[in-house]
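**Student:** Sequence:
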Amino acid sequence: MKIQPSFPIKRRITRKKHFDESDDDANNNQEILAAEKAFEVDFFFVMVDTANTSLKNRFEELGVFKEIFGFLLSSSNLKSLDIIELRKCCTKFSQTFSRKDKLTNKVIYDVDLDDLFSELRMLQMTLPDEPMCATEMFDFIRNINYFPNISIAYRILFTIPVTVASAERSFSKLKLLKNYLRSAMSQERLNGLATICIEKDLLDQINVDNIISDFASKNSRRKCFT
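Heads up, the sequence shown is in the numbering used here, so the first residue is 1 and it goes up one at a time.
If you're looking for bench data, these hints aren't it; they were derived computationally from the structure.
Honestly, I wouldn't trust all of these hints.
[Stated by the list, open to error] Here are the simulated lysine-lysine pairs, DSSO-like style, with alpha carbons at most 27 Å apart: (1) Lys-106 / Lys-92; (2) Lys-66 / Lys-79; (3) Lys-200 / Lys-175; (4) Lys-66 / Lys-100; (5) Lys-102 / Lys-92.
I would like the entire structure built from these sequences, with the hints used as guidance.
**Tutor:** Right under this line is the structure:
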């Protein structure tokens, strides 16, 4: 960070030094070294260990995410898999998103393993040669409308967030919406305003004039004056 550390040194009272006394400069240097060592042990090493642990946990979570959804992230990843590797990926995905029914005690899978494997094999031969990301592959699948299990898999992929940044942004918007002037706001209106603030990019694409005109036409208190 290019910040020069400066450690506070206690003011020492100067007095006349006799011939048999030790040098005060050595004691001052020892105090400076002790302050540097305390800063290194109590703050610097703790900060480095915390950052290292956080990064390690984050990359481990990303590694687990890649093991489950790696074959869906790009067309190059999907085409590079052979039959055995693709079968393993489909099995991992199917087992991850499965649940047991409490009434019948049967395992319910979100996607069928055999159907997903067959659709992915067909998709490997259908995809164009140019590289495609996950969103482009999902748009390609929706236009074809022929791979229902792959479509479900991509919906699960886009639903699960990799980080908590979007959730943190949502909470940061909440303190701007729910202030003391809006203490009587209902939950429905708060959800609507929060959605508008969070999805501002989609809101800019909507023609607000048509919505206002439609709302004004349906207002029962509106009167026509001639």
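**Student:** Can you name, in rising order, the numbers of the hints this structure does not satisfy?
**Tutor:** Going through the list in order, the structure violates no hint and respects every one.
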